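Novice: If you read the protein sequences in the order shown, they are chains A, B and C. Just so it is clear: in the first sequence, position 51 is 51 by the numbering used here, and no numbers are missing. Counting the second sequence from 1 gives a position; the numbering used here is that position plus 1000. Counting the third sequence from 1 gives a position; the numbering used here is that position plus 2000.
Be careful, since some hints might not be right.
Stated by the list, open to error - The calculated BS3-like cross-link candidates involving lysine-lysine, where the alpha carbons are at most 27 Å apart (straight line), are:
| no. | chain 1 | residue 1 | chain 2 | residue 2 |
| --- | --- | --- | --- | --- |
| 1 | A | Lys325 | A | Lys156 |
| 2 | A | Lys66 | A | Lys5 |
| 3 | A | Lys203 | A | Lys184 |
| 4 | A | Lys5 | B | Lys1022 |
| 5 | A | Lys355 | A | Lys156 |
| 6 | A | Lys203 | A | Lys53 |
| 7 | B | Lys1170 | B | Lys1191 |
| 8 | C | Lys2265 | A | Lys5 |
| 9 | C | Lys2265 | B | Lys1022 |
Said to hold, decoys possible - Covered by chain A, per the in silico footprint, the following chain C stretches (three or more residues, Cβ under 8 Å):
| no. | region |
| --- | --- |
| 10 | 2013-2027 |
| 11 | 2138-2148 |
| 12 | 2233-2246 |
| 13 | 2259-2265 |
Stated by the list, open to error - Over the 12 Å line for every Cβ pair with chain A, so calculated as not near, a few chain C residues:
| no. | residue |
| --- | --- |
| 14 | Thr2003 |
| 15 | Ile2032 |
| 16 | Gly2049 |
| 17 | Leu2050 |
| 18 | Phe2067 |
| 19 | Leu2109 |
| 20 | Leu2121 |
| 21 | Glu2187 |
| 22 | His2188 |
| 23 | Ala2195 |
| 24 | Met2197 |
| 25 | Ile2201 |
| 26 | Val2205 |
| 27 | Leu2251 |
| 28 | Leu2252 |
| 29 | Ile2253 |
Note that these hints are calculated values from the structure, not bench results. What you are looking at is a predicted structure, and each value in this text was computed from that prediction instead of being measured. Positions of the beta carbon are idealized from the N, C-alpha and C atoms, including for glycine.
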Amino acid sequence: MNNRKVTLAAAAAGVLTGAAGLSLLAMPAGAGQPPSLPNIAPETLVEQVLTSKPGAFGGTVEVDNKLGLPSIAEIPQLADGKHSARIWTDGNGKLRLALPNGQSEQTIVDDGTTTWSWNSQDNEVTKSEHKDGRKDEAKPDNAMDPATAAKEIVSKTKEFSDISVDGTARVANRAAYELVLTPKAGEKTLVREVRIAVDSELKMPLRVAVLTNGTAEPVGQVGFSQINVGPQDSKLFEFTPPSGAKVTTPEAKEEQQRHKPEIGIEQALRGENPQIFGTGWDTVVGARIPADAMTQVPAEAQGLVDRFTKKVSGNWGSGKLFTTKVATILIADDGRVVAGAVPEQVLFDTIGQVK
Amino acid sequence: MTTSTSAPVTAPTTHAVAARTKGLRKEYGSTVAVDRVDLELPEGAVLGMLGPNGSGKTTTIRMLLGLVRPTQGEIELLGQRLPDGVEQALPHVGALVEGPGFHPFLSGRENLIRCAAFEPLLPKKQIKQAVEDALERVGLAQAAHRRYRGYSLGMKQRLGLAGALLVPRKLVVLDEPTNGLDPAGTREIRKIIAELHEQGSTVLVSSHLLSEVEATCTHVAVLHRGTVVAQGELTELLQAGGSALQVITPDVETALGALRQAKISARPLGEGLRVELAGTSAPQVIETLVKAGVGVYEATRWKTGLEELFARLTEAEEAERGMSSVDTLDGGRR
Amino acid sequence: MITRQLGSEVRWMLRRPRTIIGLFGLVLVPIIISFGIWTASDEGGGGPGLAAILKGNGMVVPIFTLFLSLNLLLPLVASIWAADGLAGEAQHGTLRGLLVAPVSRVRLLFVKLFGLTAMSLFAVTLMAVVGIIAGTAFLGTDGMMTLSGTTLSTAEGLVRIVLFILLVTFQMVSIGAVALAVSSTTEHPLVVQAATMTTIIVFQVLGQFPSLDWLHPFLITTGFPGLIDVMRDPIPFGQIWDSTLLAGCYLLIGTGLAAMRLITKDN
Ligand SMILES: Nc1ncnc2c1ncn2[C@@H]1O[C@H](COP(=O)(O)OP(=O)(O)OP(=O)(O)O)[C@@H](O)[C@H]1O
Ligand SMILES: [Mg+2]
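Whenever a hint applies, use it, and build me the whole structure from the sequences.
Specialist: Here you go:
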């Protein structure tokens, strides 16, 4: 009857809807009601995870990092926060990975015979042809793909863990079991438990979360935020370097990056013969950085290292200790390096064994 | 909203009204701009709305046009009850409120074309012709191509009037239309109002120019401090207010004494005295004077002007405030 | 009737000297960018983000231009139009004229929103077209290279440009709607412009503080960077959709507030 009041009410409703929409958008995507699934024995689930063979899928992976790493302006990727990546695989080794970094993007395509890595930032393509079909060239995907990462963790630690199924969860809109690996009592590790959400149908891990002692929230989590299972467009697994892009080989690329300090330590630990001490959760990886490499570290990088490490010493010698919530790294002044998901004392005890 | 919902505010009276307000009140914060205004605008009338500055003329007009919502009271405009019927009524109303409003970067013609585009009663095809006619009517045809920015005060006022007259209207509301016009312009306005009156349109014109109102209006409403202090037909009002006899005599003292005895009120004025004719008649007054031996040289019926009426209605308080707010001559610009 | 009013509104906006000057300024942006990249073309990477792939990739110029302008220039233009739409009309006394014509207040708001949308679309498209021409002329083109390193055909590239035009226009209109709400409360167009631009800048500054991350999802400016996903291949629609929804909420709030104010306003 009253035109004006009706219009006024409609306008007010519009404002309210908008405000409600804003708060809805601001709310983190709710997990929603956990699905109800038939019970499953933990051993069966572990077995199924290890034998499952993820077929073709495409999806978006969210990496949520709360490791407590200092935010270093020079290495933004390490800082705490959320990162996302998109991943496509045909299930037969072909793979495409898109890693957005701000407004630029790194794309990695493995077309079965060649791994292409493209970076929009410098308009450069790194091309590496697989030698005799060896497949571990595409290293970065292991960390990014929850399915692969989870499989690796499960296979390496199941003997040293108490395994249980703790309810269900909804991940990327799919029903999943929560598989929980808890380090056995004797394990000297920082990790409290690892939770793996396993797709109830495909038995493919959809999310991995690492929880440490003393925190309620996962310190690190890798999981699909969206996934579509099924054959993917074959064009995704092809790559043609854009005209005008510089094409290099991985060797040349490494040459360029030699000056970066974090690469030095990483290479040392990953290098030809890392030394492994212990088993299970408290495994420690050790290596020795060649003395000349130690002295080559440029002053600014040295400064960077000094800023975020603690000077320590003991009967093993002296060095620098770098701690995060889930891992510890000890770099002795003589070039010995040990690292593991363990408290610092374990490293002090182990470093003497590094050759 | 259909017409059925907009029932007349009061029971239908014998004569049709173009607009009517009842108990109208408008508050701006603690200021009461208009209070208890019962205005009646008969169809076909030319109503002059008079009042000192700040007496609520513009506010009343803005409420009539649906621009301002009354705090209290009812309004009926062209048979529609406001605010619901405002969209049915307004197409038939042309208005010039508180000075002309146009875009400075457009020419006079372009400005009118923009106004015309929003006139519901004007078919698209007739816009051009209507604009030219309106320009011609207010004498702006020569300057129509010039930017409004460069218009003189009077030209702006004329353009505003043209905007109000784009379509034949049932009611034309003009708030101080002669503001800033030269004498010729004032005469033209007078002519336009007369034309509108002849065509049967109702006109509501607020003005400070009493001579203006006296010359063109059939009806008058006088506002003072937000309330209507008098309204009605001009002639009636003038008669009611204006019965007096001016007597020229050298014998003022004797005359006053004689009249006082006869209980006739009078006061000295100029070379004689002024006698109120309330409760008495001219022959009776003269008889009284002659009997008292007063020499009456001349006796004239006092013709009350609107000016005097206006002054009487609003003066007392104005004098207190120590300001004369009404321009009685052509100095009507504020 | 309504088309006549809408037409009149757009014509009126186009007739404003400041609109013409504004459009001229906008058109200069892609030209300057193309020219700048062209002269700097001997050095290495063109810069961060999209700028890095501009070289030899003229079709990206329109997207880069719009992406860049969305931060300040386009909100400024939208706020000017919104300011003139209601506050400017009130200032000149023309709002009264429209209301007694009569134009209902809701329709008036609709006409203003339409004018804002039409002009925003026009301005954004104009920038894009000039961007394509200038980019192609200065930088050459061979399809459109995406951030993912794939090369799209010209037709596919044009589709992306059109998509981006629509997305940017929507953001601009949303900002303009909020500016219209401000515009309905005042008679001073400059107040509207200042308020809108201050808000946009403050939002962007707030967006820089990680400690305020709970606030970020509420800021319309948070949605701007995500629009760049149009240049990835295949397009991830997640962020684009989120940004558009965010802007949609602002559009609703702005329009609703403006309507409420207009309906209750005394003129
Ligand atoms: N928007 C407003 N806010 C506050 N007060 C107002 C407003 N409009 C009018 N008034 C007040 O209401 C009263 C009547 O004003 P109005 O403009 O109606 O007078 P007027 O009779 O038109 O005077 P004038 O002859 O000067 O034009 C004045 O006291 C004025 O100050
Ligand atoms: Mg007035």
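Novice: Hints first: check each against the structure and report whether it holds.
Specialist: Checked hints:
Proposed proximity of A:Lys325 and A:Lys156 is supported: the alpha carbons are some 21 Å apart, at most 27 Å. Only pairs whose Cα atoms come within 27 Å are accepted, and A:Lys66 paired with A:Lys5 is rejected, the gap being roughly 51 Å. A threshold of 27 Å between alpha carbons decides the hint, and for A:Lys203 with A:Lys184 the separation of about 24 Å falls inside it, so the pair holds. The straight-line distance between the Cα atoms of A:Lys5 and B:Lys1022 is roughly 22 Å, inside the 27 Å bound, and the hint therefore holds.
As the CA atoms of A:Lys355 and A:Lys156 are separated by approximately 24 Å, the hinted pair is consistent with the 27 Å bound. Taken as a hint, the A:Lys203 and A:Lys53 pair is honoured in the structure, with Cα atoms around 9 Å apart against an allowance of 27 Å. A distance of roughly 17 Å separates the Cα atoms of B:Lys1170 and B:Lys1191; the hinted pair therefore holds under the 27 Å criterion. For the hint pairing C:Lys2265 with A:Lys5, the CA-to-CA distance comes to about 14 Å; that is within 27 Å, so the pair holds.
Our distance criterion of 27 Å between C-alpha atoms is met by C:Lys2265 and B:Lys1022, whose separation comes to about 22 Å. Only when three residues or more bring their CB closer than 8 Å to a CB of chain A does the claim for the region 2013-2027 of chain C stand; here the count is 0, and the claim is violated. Coverage of the region 2138-2148 of chain C by chain A holds in this model, with 4 residues showing a Cβ closer than 8 Å to a Cβ of that chain against a need of three. Judged by the Cβ-Cβ criterion of 8 Å, the region 2233-2246 of chain C is covered by chain A as claimed, because 6 of its residues qualify and three suffice.
Counting residues of the region 2259-2265 of chain C whose CB lies closer than 8 Å to any CB of chain A gives 4, which reaches the minimum of 3, so the coverage claim holds. For C:Thr2003, the shortest C-beta to C-beta distance to chain A comes to about 22 Å, beyond the 12 Å cut-off, and the non-interface label holds. Look at C:Ile2032: its CB is around 20 Å from the nearest CB on chain A, clear of 12 Å, so calling it non-interface holds up. Against the 12 Å criterion, C:Gly2049 falls within the reach of chain A, whose nearest CB is about 3 Å from its own CB.
Not every Cβ of chain A is farther than 12 Å from the Cβ of C:Leu2050; the closest lies at roughly 6 Å, contradicting the non-interface assignment. Remark: the non-interface label on C:Phe2067 conflicts with the geometry, its nearest Cβ contact in chain A lying 8 Å away (cut-off 12 Å). At the 12 Å boundary, the C-beta of C:Leu2109 falls inside the reach of chain A, the nearest C-beta of that chain being 9 Å off. Every Cβ of chain A is farther than 12 Å from the Cβ of C:Leu2121; the closest lies at roughly 22 Å, confirming the non-interface assignment.
Under the 12 Å C-beta cut-off, the non-interface status given to C:Glu2187 relative to chain A holds; the minimum distance is some 21 Å. Every Cβ of chain A is farther than 12 Å from the Cβ of C:His2188; the closest lies at roughly 23 Å, confirming the non-interface assignment. Residue placement check: C:Ala2195 keeps its beta carbon more than 12 Å from all beta carbons of chain A (closest about 18 Å). Every beta carbon of chain A lies more than 12 Å from that of C:Met2197, the smallest distance being close to 21 Å; the non-interface claim holds.
No beta-carbon of chain A comes within 12 Å of the beta-carbon of C:Ile2201; the shortest separation is about 20 Å. Its beta-carbon lying about 18 Å from the closest one in chain A, C:Val2205 satisfies the requirement of being farther than 12 Å from that chain. Under the 12 Å C-beta cut-off, the non-interface status given to C:Leu2251 relative to chain A is violated; the minimum distance is some 7 Å. For C:Leu2252, the condition that its CB be more than 12 Å from all CB atoms of chain A is violated, with the nearest at approximately 3 Å.
Look at C:Ile2253: its CB is around 4 Å from the nearest CB on chain A, not clear of 12 Å, so calling it non-interface is violated.
Comparing the model with each earlier hint shows violations of hints 2, 10, 16, 17, 18, 19, 27, 28 and 29; every other hint is respected.
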